[in-house]
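Given the coordinates of chain A, work out where chain B should sit on it, guided by the hints.
The lines below spell out each chain.
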Amino acid sequence: MKAKHQRLVLALIAVIALVGAGVLAAWALRSQASFFYLPADYAANPPEAGRAVRLGGMVEKGSIKTAADGVTINFVIYDDKARVPVTFKGIVPDLFVEGSGAVAEGRRQPDGTFVADNVLAKHDENYVPREMKDMTTEQARQAIEETK
Amino acid sequence: MHGFANPARFLRLARWLTPLLLVTGLVLTGITLTWALLAAPAERLQGDSAKILFVHVPAAWLGMGGWSALAIASLTELVWRHPLAAIGARAIALPGAFFAALCLATGSLWGRPAWGTWWVWDGRLTSMLVLLFLYLAYMALAEAADRDGGNGSGQSRIPAIFGLVGAINIPIIHYSVLWWNSLHQPPSIAVGKSAMAPVFLYGLLAASLGFSLIFGGVVLARMRAILANAQAEARLRRKAMELEDA
Numbered sequence: 222m223k224a225k226h227q228r229l230v231l232a233l234i235a236v237i238a239l240v241g242a243g244v245l246a247a248w249a250l251r252s253q254a255s256f257f258y259l260p261a262d263y264a265a266n267p268p269e270a271g272r273a274v275r276l277g278g279m280v281e282k283g284s285i286k287t288a289a290d291g292v293t294i295n296f297v298i299y300d301d302k303a304r305v306p307v308t309f310k311g312i313v314p315d316l317f318v319e320g321s322g323a324v325a326e327g328r329r330q331p332d333g334t335f336v337a338d339n340v341l342a343k344h345d346e347n348y349v350p351r352e353m354k355d356m357t358t359e360q361a362r363q364a365i366e367e368t369k
Numbered sequence: 104m105h106g107f108a109n110p111a112r113f114l115r116l117a118r119w120l121t122p123l124l125l126v127t128g129l130v131l132t133g134i135t136l137t138w139a140l141l142a143a144p145a146e147r148l149q150g151d152s153a154k155i156l157f158v159h160v161p162a163a164w165l166g167m168g169g170w171s172a173l174a175i176a177s178l179t180e181l182v183w184r185h186p187l188a189a190i191g192a193r194a195i196a197l198p199g200a201f202f203a204a205l206c207l208a209t210g211s212l213w214g215r216p217a218w219g220t221w222w223v224w225d226g227r228l229t230s231m232l233v234l235l236f237l238y239l240a241y242m243a244l245a246e247a248a249d250r251d252g253g254n255g256s257g258q259s260r261i262p263a264i265f266g267l268v269g270a271i272n273i274p275i276i277h278y279s280v281l282w283w284n285s286l287h288q289p290p291s292i293a294v295g296k297s298a299m300a301p302v303f304l305y306g307l308l309a310a311s312l313g314f315s316l317i318f319g320g321v322v323l324a325r326m327r328a329i330l331a332n333a334q335a336e337a338r339l340r341r342k343a344m345e346l347e348d349a
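Just so you know, the protein sequences line up as chains A and B, in that order.
Residue numbers for the first sequence follow the numbering used here, beginning at 222 and rising by one.
Residue numbers for the second sequence follow the numbering used here, beginning at 104 and rising by one.
Keep in mind that the hints were calculated from the coordinates and are not lab data.
Since the model is a prediction, treat every value here as computed from it, not as a measurement.
A few of these clues could be false.
Within a straight-line C-alpha distance of at most 30 Å, the following computed DSSO-like cross-link-like pairs (lysine-lysine) qualify [said to hold, decoys possible]:
(1) B/K296 with A/K282
(2) A/K282 with A/K310
(3) A/K282 with B/K154
(4) A/K302 with A/K282
(5) A/K286 with A/K310
(6) A/K302 with A/K286
One side of the interface only, derived from the structure: several residues of chain B facing chain A at Cβ under 7 Å [claimed, not checked]:
(7) A145
(8) E146
(9) R147
(10) V182
(11) W183
(12) G219
(13) T220
(14) D225
(15) N284
(16) L286
Reference listing, derived: stretches of chain B covered by chain A, where coverage requires no fewer than 3 residues with Cβ under 8 Å from a Cβ of chain A [what the hints assert, rightly or not]:
(17) 211–218
(18) 259–271
(19) 288–301
Glycine included, each C-beta is placed from N, C-alpha and C at the ideal position.
Chain A on its own, in the form it takes in the complex (with noise of 0.2 Å):
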């Protein structure tokens, strides 16, 4: 075996070892590095009350209600196990609507319910011009498909 044969296998096994020392590692992280707690978690495994946490999902069709004071709003962020209905007080950003994802930061009541400091917005990977607007994102993908 040349000198250089043995660098090469040496460095590969190197790699391979990092690599390997990576994945394991952000595995374990799985849970503790997510940014948010899905409502399934929620439900299954309740935060403590007071605690900041975030809570992400989808916000509920229909949910979403601005109270008597006009800037107080509720809504109901739900995947497909749970709903947490969610009260924030305050401005929410423009893409912050009724069936697209979004993540409240803030603490759970003693109730259950879940009361915001902020609200992000999180936008999912498609990208559709405006003149598609009145379509749904289910038909907007199938015009991508059928244009490709």
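Same frame as chain A, but now just chain B:
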């Protein structure tokens, strides 16, 4: 491959390739970005602010691609001891850091209208910030190693080892949005499929090609500069020795 490891042949090739890459890259990027600003359609939900993707996404790809190339050059340096590999890795670090920083800056500007925040400690954003710090650390390390062991001639293997070890961050950046719940959306484009309308996709591909050509041109120019520096220093050393002898 061994043919290109010959510095003289590399310099002959780089002499005409450098301006060619820089000029075509600048023209293509200029045309694409002008089109993006003036003629590209607004996005359905985000409006005009989504047009920043024509800078943000190529910058992210080049930031990550830059470190991938740096890691391959480092591996080549460690295994085959090619002197040009060490120089190539050093030349990549600065434009790589620039594009990583550009990605973070444009992402922050985009995050404010789209998400409602400039910055969050989300998996994708944090791992990209780590990439920028890795570039800065690599540059400092290479500088220090070369001061000890002679300019870029690869006396010290430490920068190359660091370049290889740092590559672990690249898959972490890529998979951060798939492994962890993140505020950043998953990738729109994968091999063979796209969740982007063709008008955005082709614009993005043109912008990426333009930025990549600029990146390549800058790397070649920097490699030529490092080689010229080494040559000048060798000549000075030789002169000094002749003077001592005389």
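A quick look at each hint next to the structure:
Annotation: proposed proximity of B/K296 to A/K282 holds, straight-line Cα distance about 29 Å (limit 30 Å). With a C-alpha separation of about 20 Å, the suggested pair A/K282 and A/K310 falls inside the 30 Å cut-off, and the hint holds. For the suggested pair A/K282 and B/K154, the alpha carbons sit about 28 Å apart, so the restraint of at most 30 Å is met. This hinted pair checks out: A/K302 and A/K282 have alpha carbons roughly 16 Å apart, not beyond 30 Å.
The suggested pairing of A/K286 with A/K310 holds, with an alpha-carbon distance near 12 Å, which does not exceed 30 Å. Between A/K302 and A/K286 the CA atoms are separated by roughly 22 Å; this keeps the pair inside 30 Å, and the hint holds. The interface hint given for B/A145 is met, as the beta carbon of that residue sits about 5 Å from the closest beta carbon of chain A, less than 7 Å. Because the smallest distance between the Cβ of B/E146 and any Cβ of chain A comes to about 6 Å, under 7 Å, the interface hint for this residue holds.
For B/R147, the interface hint holds, since its Cβ comes within 7 Å of a Cβ in chain A; the closest pair sits about 4 Å apart. Taken as an interface hint, B/V182 checks out: its beta carbon lies about 5 Å from the nearest beta carbon of chain A, inside 7 Å. A cut of 7 Å between beta carbons decides the hint on B/W183: the least distance to chain A is about 6 Å, and the hint holds. Because the beta carbon of B/G219 sits about 3 Å from the nearest beta carbon in chain A, less than 7 Å, this interface hint is met.
A hinted interface residue such as B/T220 counts as satisfied when its beta carbon comes closer than 7 Å to some beta carbon of chain A; here the least separation is about 6 Å, so the hint holds. Taking 7 Å as the C-beta cut-off, the interface hint given for B/D225 holds, the closest approach to chain A being about 5 Å. Of the supplied interface hints, the one on B/N284 holds, with its beta-carbon coming within about 4 Å of a beta-carbon of chain A, less than 7 Å. Against a cut-off of 7 Å between C-beta atoms, the interface hint on B/L286 holds, since the closest Cβ of chain A lies about 6 Å away.
Closer than 8 Å: that is the beta-carbon criterion, and the segment 211–218 of chain B has 3 residues meeting it against chain A, so the requirement of 3 holds. Check on the segment 259–271 of chain B: 4 of its residues sit with their Cβ under 8 Å from a Cβ of chain A, so the three-residue criterion for coverage holds. For a cut-off of 8 Å, the count of residues in the segment 288–301 of chain B with a CB near a CB of chain A stands at 9, and the three-residue condition holds.
When each numbered hint is compared with the structure, no violation occurs for any of them.
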